[in-house]
Amino acid sequence: MSSQGGHQGEDLTAVPPERLDAIEAGVGTDEWVAQAEERRIARTGLSGLVQRGWEGIPPAGHLAILMGPFVLFPFITNEGNLYRYGLLTLLYALLALGLNVVVGFAGLLDLGYVAFFGCGAYLYGIMASGHTGHHLAAQWAIPIATVATGLVGLLLGLTSWRLLGDYLAIVTLFFLQAFVIFVNNANGGLNDFSYPFVGKVDLTGGANGLDQIDPFHLFGLHITTTKGYYFFTLISLTLLMTMLFFVNRSRTGRAWRALREDPLAAETMTIPVNRLKLLAFMFGAATAGFSGTIYGAVQSGAFPGDYDVGLLITIYAIVILGGLGSIGGVVIGALIVNGAPELLRSSANARFLFYGVLVLALFIALRPWYKPLIVLFGTVAFGFAVHGIATAVWSRGTAGHIDGGGAFGRGLEHWVLLPARTNTIAGWAYFALVAAALVLTLVRGWWRVVVLIPTLYLAAFVWENKLVEQVSGATRLILLGALLVVIMNVRPAGIFGTSRVEIV
Amino acid sequence: MALLELRNVSKAFGGLQVIDRLDMHVNEGEIVSVIGPNGAGKTTVFNLITGIFRVDSGEIVFEGEKVSGLSPHKITNHGIARTFQTLRLFLNMTVLENVMAATYGHTRASIVEAMLQLPRSRREERRIKALAEEKLAFFGERLAGYRHDQPAYSLSYANRRRLEIARAMATNARLLLLDEPAAGMNPHETHEITELIGKLRDDAGYSILVIEHDMHVVEGISNRVVALDHGVKIAEGSFDEVATHPLVIEAYLGARAEAEAV
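In order, the protein sequences belong to chains Z and G. As numbered in my numbering, residues 77 to 580 make up the first sequence, in order. As numbered in my numbering, residues 200 to 461 make up the second sequence, in order.
Quick caveat, the hints were computed from the structure, so don't treat them as lab data. Keep in mind that a hint or two might mislead.
One side only, chain G facing chain Z, incomplete, derived with CB under 8 Å [stated by the list, open to error]:
#1 Phe289
#2 Glu296
#3 Ala301
#4 Thr306
#5 Ala313
#6 Ile433
Counterexamples of contact, computed for chain G against chain Z with all Cβ distances above 12 Å [claimed, not checked]:
#7 Leu215
#8 Val254
#9 Ser267
#10 Met292
#11 Glu363
#12 Thr389
#13 His415
Across the chosen pairs, the derived CB separations fall in these ranges [to be verified]:
#14 Val525(Z) / Arg325(G): 35 to 45 Å
#15 His390(G) / Gly144(Z): 31 to 41 Å
#16 Ala336(G) / Val525(Z): 48 to 58 Å
#17 Glu258(G) / Gly132(Z): 12 to 22 Å
#18 Val277(Z) / Glu258(G): 31 to 41 Å
#19 Ser270(G) / Glu155(Z): 53 to 63 Å
Here a beta-carbon is modelled for each residue, glycine too, at the ideal position from N, C-alpha and C.
Given only the sequences and the hints, what does the whole structure look like? Please build it.
Dropping the structure here:
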């Protein structure tokens, strides 16, 4: 009794005066709520250290860290890789940046975005190509195509003046389809439209597309190499990112975000919501048009098939992966969405990714911290035990080899079973793996840990004996999907995104 | 002359006459409370004044200019700003950004000026940042300092109500429409908000039209009280006059209660 009283006295004296105030104010008051938020935000450990370090760097530093590697990239790679990994990534990022303004800032679901990309390419091609016979210099053709595409965006926006959400999505998706059908048919053929004053004109080359589009002639400077376009796109992207950073902090950026949060409140707080929606739409369209001119010149052609829903989904994936409303996120998103499928073409890379995703998923899905460690070491030991037994009783089961795996691959040969003839047994193993995965969803607690160990080993077995052979085909897409699932589980709001609160 | 005047305003939703030939005014430097049972049409009056609904007939005049028929953002630019009964903050923007967003109407820098950081854009940014900080400072410690960069969703309920008022102030309005500012607050916070509304009139010079259910708040702040029932004004005058008005008692308690009391 007396000791209890003594403890209480100690506790009270130990509390600093400012904490005492907080206790007096009690639960539910402002201070307590604010502190709770701070506690929630404050991260501990390595991730917190990285986060605080990143936040300590000024915005210009962020830009340098993001774009710096891109400046060096052309000097360490060849022409083909520069095009595949470098130029395409930058073009995707540029496109995604424009979409981010429409979707991420203003919150408008625009499914016709890719049509503006095509619009830019075709407009540039019409003004400067061997197909049409006009050769306007790029310093004129690029701005004209960009502004004209922006105006097309304005027109589309005007028709959907009062539409929001699903309805805007329907109208814009329809516009994309109409655009594809238009460029497929506007070749001055028999059934084509006869324009006032000029009559029938071959505008887009129809299904064959516009060919022989001129490379950029900018103020007498000829850009002909991939490296040239790469740097042109890099500079454009960096400038646009900088400009958008300023816009985001200006009255226009705030108004866009406000109308995304609550259009009615924005309207009653002096923000002309409809005009700003149109502005966002135009801005996105112009950015896409500008990217289109570069793409047209790089390809030296514009083809109807390039501007379809597939590309639209890719761009959306980039924006969502990078984080809606995040300017830097589009670059990371583009790197992953464009880079990963290309990297996965090689089986060695795919192998690292496969095991990496497995281990990462293990550590994310299993709590507390020691369970994934148990599973990991358990699986390794299980594998060596199975391999040891197999060597003794079934020599044919370990006769296979792993090609091109390096040291990691040679290590795997002592761990995973590699039968000489794999076809039948790998097929059965695949079925067994699916069954084991189903069982896994049914069991709980420590049983799950126990079942996981053979399941993971089975997964490795199936991977090494069956999936790795088709790595450039279906396996690649399965892996990419798994990678995206893992990323979106780790960072639900995108890599650079901040999680948004809808209703509290 | 009255600052805000509703002349013979009517509004119907389908066959339901929500507001019926309502005449009402707010004078310069006055706090007018609108009371009435649920469904009396109080919030509809606010929606009509701010242009969210269009009036069917009659007109709304602010500072001698007709504002009914204008779109909401233009009405707010004329000098009428409101808060919402169900809070409508920009939850994922910071406290300071919430207030700065409401200055859109009296800033002019275009998107191109912002992109290139031309002088006017930077000058305006500095000005409205100072303005937002000044408006937030009006609420003392509650919304001070370190809170400015926190997202609005991290604020407590009472602070969100304060932030909504700060945001309305930043529009450079002269008339504030407060829709149930004390709803959901504990007695201590209700007392604070009552004092605050008084300060808004006396120190900051706003005229205020307020909807409130808490009769202690209404009694404490009102220069004048208007009672509505079924879209019709049933009483108007000082708090004591309205509170004892037989029609008001009937509207709140029903006719039989009065008959029994007699």
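*Ala313(G) as an interface hint toward chain Z, with CB separation required under 8 Å*: holds (3 Å)
*asked:* Given Ala301(G) as an interface hint, is its Cβ closer than 8 Å to any Cβ of chain Z?
replied: holds (4 Å)
*asked:* Just to be careful: measuring from the Cβ of Thr306(G) to every Cβ in chain Z, is the smallest value less than 8 Å?
replied: holds (5 Å)
_Hint status (Cβ of Glu296(G) to nearest Cβ of chain Z, threshold 8 Å)_ = Interface hint status for Glu296(G): holds (6 Å vs cutoff 8 Å).
_Supplied contact hint for Ile433(G), tested at 8 Å Cβ to chain Z_ = With a minimum Cβ separation of about 28 Å from chain Z (threshold 8 Å), the hint on Ile433(G) is violated.
*Is Thr389(G) truly not at the interface, in the sense that its beta carbon sits beyond 12 Å from all beta carbons of chain Z?*
holds (14 Å)
_Can you tell me whether the CB distance of Val525(Z) to Arg325(G) sits inside 35 to 45 Å?_
Once the Cβ atoms are compared, 59 Å apart, the range 35 to 45 Å for Arg325(G) and Val525(Z) is violated.
*Quick one: work out the minimum CB distance from Leu215(G) to chain Z and report holds if it exceeds 12 Å, violated otherwise.*
For Leu215(G), whose nearest Cβ neighbour in chain Z is about 22 Å away, the distance exceeds 12 Å, so it holds.
*Examine each Cβ of chain Z, and state whether all of them lie more than 12 Å from the Cβ of Ser267(G).*
holds (15 Å)
*With 31 to 41 Å as the target window, see if Val277(Z) and Glu258(G) comply at their CB atoms.*
Hint violated: Cβ distance 55 Å, outside 31 to 41 Å.
*Check the following: the C-beta atoms of Glu258(G) and Gly132(Z) are separated by a distance inside 12 to 22 Å.*
violated (57 Å)
*Measuring from beta carbon to beta carbon, are His390(G) and Gly144(Z) in 31 to 41 Å?*
Cβ of His390(G) to Cβ of Gly144(Z): about 57 Å, so the range 31 to 41 Å is violated.
Hint violations for this structure: numbers 6, 10, 11, 14, 15, 17 and 18, all remaining hints satisfied.
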